[in-house]
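Q: Using the sequences and the accompanying hints, generate a full structural model.
Protein sequences appear in the order of chains A and B.
Per numbering that gives the first Met the number 0: the first sequence = residues 0 to 286.
Per numbering that gives the first Met the number 0: the second sequence = residues 0 to 286.
Everything labelled a hint here was simulated from the structure, so no lab data went into it.
All figures in this text were calculated on a predicted structure; none of them were measured in a lab.
Please note: incorrect hints may appear among the correct ones.
Said to hold, decoys possible - Some chain B residues well away from chain A (every beta-carbon gap over 10 Å; in silico):
| # | residue |
| --- | --- |
| 1 | M0 |
| 2 | E5 |
| 3 | R12 |
What the hints assert, rightly or not - The following label-pair restraints were derived from C-beta to C-beta distances:
| # | chain 1 | residue 1 | chain 2 | residue 2 | range |
| --- | --- | --- | --- | --- | --- |
| 4 | B | K46 | A | G130 | 29 to 37 Å |
| 5 | A | V166 | B | K46 | 34 to 42 Å |
| 6 | B | S165 | A | N163 | 58 to 66 Å |
| 7 | B | D92 | A | M0 | 52 to 60 Å |
| 8 | A | D28 | B | G191 | 32 to 40 Å |
| 9 | B | E223 | A | N163 | 46 to 54 Å |
| 10 | B | K46 | A | D92 | 34 to 42 Å |
| 11 | B | R159 | A | L43 | 26 to 34 Å |
| 12 | A | I6 | B | R195 | 50 to 58 Å |
| 13 | B | A66 | A | L226 | 52 to 60 Å |
| 14 | B | K46 | A | D28 | 26 to 34 Å |
| 15 | A | D234 | B | R198 | 50 to 58 Å |
| 16 | A | G130 | B | E223 | 47 to 55 Å |
Ideal Cβ positions, reconstructed from N, Cα and C, are used throughout, including at glycine.
Number of protein chains: 2
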Amino acid sequence: MRTASEIRVERLRAQVEASLPRFIKPARDDDGRLAEAMRYCLLLGGKRLRPILFLATAEMFGAPATAIMKFACGIECIHTYSLIHDDLPAMDDDDLRRGRPTSHKVFGEALAILAGDGLLTIAFELMSATGNIDAITEMARAAGWKGMVKGQAMDIYYERRKINPSVLRTLHRAKTAALIESSCVSGALVAGADDRERRAIRHYGRSLGLAFQIIDDLLDVTGEEKLAGKRLRKDAGKATYPSLFGVDGARRRARIETAKARTALRTISQDDSLLNHIAEQLLNRQY
Amino acid sequence: MRTASEIRVERLRAQVEASLPRFIKPARDDDGRLAEAMRYCLLLGGKRLRPILFLATAEMFGAPATAIMKFACGIECIHTYSLIHDDLPAMDDDDLRRGRPTSHKVFGEALAILAGDGLLTIAFELMSATGNIDAITEMARAAGWKGMVKGQAMDIYYERRKINPSVLRTLHRAKTAALIESSCVSGALVAGADDRERRAIRHYGRSLGLAFQIIDDLLDVTGEEKLAGKRLRKDAGKATYPSLFGVDGARRRARIETAKARTALRTISQDDSLLNHIAEQLLNRQY
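A: Spelled out as structure tokens, the structure:
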């Protein structure tokens with residue numbers, strides 16, 4: 000039997016899935032297949048983790064999901080753009096994503112680059128509909144040159160260079176944790192949480208994001224390609240948590256970060272059962 | 000002797016030039032050369048037309064340039080990102096920009112893509128500092144999948160297809176005019192202009208943007224590469240205003256759009272001398 004938290008996460012996911020196709024309609028006038036390319040990767044499914052974290056945090060502080068769904072979809076547009084650009088031949092050169100050919104395989108490189116650009120831009124249009132400028136600043140910082148984009152630049156730079164644990168942590172924090180952290184913090188911001196609450200949520204999101212990336216590294220070693228829907232074992236030779244600390248060492252670190260995330264929630268008085276559930280779910284995920 | 004308007008434009012340009020380097024500092028921590036790649040193209044100079052239009056419009060409605068300089072620089076970041084991505088091998092494959100090697104020639108394709116992504120993202124961070132959410136929405140729409148990104152997608156799509164004058168106008172409006180139009184409108188928005196004033200500014204910006212692109216097409220045929228700082232004669236075989244209407248026909252259309260831009264200004268009571276001057280200057284530019 001499914002728990003109440005499982006049902007709530009599933010409901011949020013269904014709401015995101017139902018909303019995403021509304022904002023990018025197939026073009027009626029001629030746009031050179033751009034809308035099609037943007038919809039392709041966005042609507043391939045996925046965990047929808049970041050918008051779910053945003054909505055779950057906002058609901059916890061009293062903001063109903065329906066009023067802020069555009070912001071949630073904007074966050075997923077940012078995540079999807081990053082997947083499309085990361086998969087490009089000049090970057091990670093991946094052929095498979097969510098069990099399907101990657102965007103540049105289907106639409107060509109030019110249109111894949113533009114689909115990413117279009118998704119990153121519409122994200123800010125969608126997020127601005129909520130009218131909360133602090134949340135926009137938060138997301139722009141996390142996605143940008145001090146966050147996710149920097150993480151990808153570091154990832155490429157260190158592909159053929161030695162890396163130490165401290166730089167690897169900076170890399171993971173920028174590449175993955177920043178966006179996860181800011182999705183949570185933005186949820187707190189649009190719901191009007193106070194300073195102390197926002198700080199707690201930031202600590203939760205940061206540790207959760209690090210745990211998420213460590214598990215990702217682990218699944219690259221131990222996971223099943225069929226479940227993952229993407230090529231695995233491609234980190235061989237790259238510095239990752241398993242390569243620096245071993246599989247058991249990496250798993251222990253993921254558990255520690257998850258515990259830190261859950262501890263951060265204890266300082267706030269709202270019902271944190273959903274965020275706790277998500278943290279456990281991510282730690283035990285198989286893909 | 001220089002006119003008062005020439006001096007004012009030059010002063011705005013100098014303010015933009017002085018501000019741009021402040022927001023992307025060379026990285027102290029390790030970012031895989033990302034900050035360097037972002038600064039490279041951004042600080043190569045250029046007309047700085049879009050931030051100047053934004054500042055000139057805002058000043059006309061009473062907002063001092065110093066208070067909104069971050070927004071102006073954000074607009075230039077959007078423009079620069081579009082140049083970097085358009086120059087990529089998968090797109091227009093250009094080697095030269097502003098008299099220097101293009102970003103992917105200097106930093107490689109991966110870092111050029113990421114530098115563009117970083118500039119597009121920091122644009123929204125900078126623009127959000129002004130606190131005007133309507134202006135952010137305006138810019139996101141203009142830069143996005145219904146505006147500039149769509150224009151570039153159409154440009155690539157029609158490279159080897161027949162185009163008619165009506166579709167070419169749609170293409171130019173999306174690719175070039177939208178961002179110019181919204182730079183002006185955002186200036187009006189941050190300065191608190193009313194509906195009627197914003198409509199007038201929108202008409203001004205739209206016609207100015209179309210005239211700008213027609214002149215760009217003309218300069219590709221008649222201009223000097225040394226002045227332009229980029230490869231010319233590359234539109235040969237592409238549908239452009241000169242190829243559809245001849246050089247004289249295209250020039251006449253640029254004059255008509257400039258006249259429409261100036262007429263739009265007559266409906267507002269503010270001092271429009273600077274915006275009029277810019278319209279004339281763009282019509283007569285040699286690069």
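Q: Hint by hint, say whether it matches the structure.
A: Hints, one by one, checked against the model:
The beta carbon of B:M0 sits about 43 Å from the closest Cβ of chain A, which is more than 10 Å, so the claim that it is off the interface holds. Once the 10 Å rule is applied to beta carbons, B:E5 is consistent with being away from chain A; the minimum gap is 34 Å. At roughly 25 Å, the least C-beta separation between B:R12 and chain A is larger than 10 Å, which holds for a residue marked as non-interface. In this structure the hint that B:K46 and A:G130 lie 29 to 37 Å apart at CB holds, the actual value being about 34 Å.
About 40 Å separates the C-beta atoms of A:V166 and B:K46, a value consistent with the hinted range of 34 to 42 Å. Remark: the range hint 58 to 66 Å for B:S165 to A:N163 is upheld by a beta-carbon distance near 59 Å. Checking the proposed 52 to 60 Å range against B:D92 and A:M0 shows it holds: the Cβ atoms sit about 58 Å from each other. The supplied range of 32 to 40 Å is met by A:D28 and B:G191, whose beta-carbon atoms lie about 33 Å from each other.
Distance hint check for B:E223 and A:N163: the Cβ-Cβ separation is about 52 Å, which falls inside the suggested range of 46 to 54 Å. Look at B:K46 against A:D92: about 37 Å separates their beta carbons, and that is inside 34 to 42 Å. In this structure, B:R159 and A:L43 meet the distance hint of 26 to 34 Å, their C-beta atoms being roughly 29 Å apart. About 52 Å separates the C-beta atoms of A:I6 and B:R195, a value consistent with the hinted range of 50 to 58 Å.
Distance hint for B:A66 and A:L226: a CB-CB separation of about 53 Å, consistent with the stated range 52 to 60 Å. The hinted range of 26 to 34 Å is satisfied by B:K46 and A:D28, whose Cβ atoms lie roughly 30 Å apart. The hinted range of 50 to 58 Å is satisfied by A:D234 and B:R198, whose Cβ atoms lie roughly 55 Å apart. Take A:G130 and B:E223: their Cβ atoms lie about 48 Å apart, and the range 47 to 55 Å holds.
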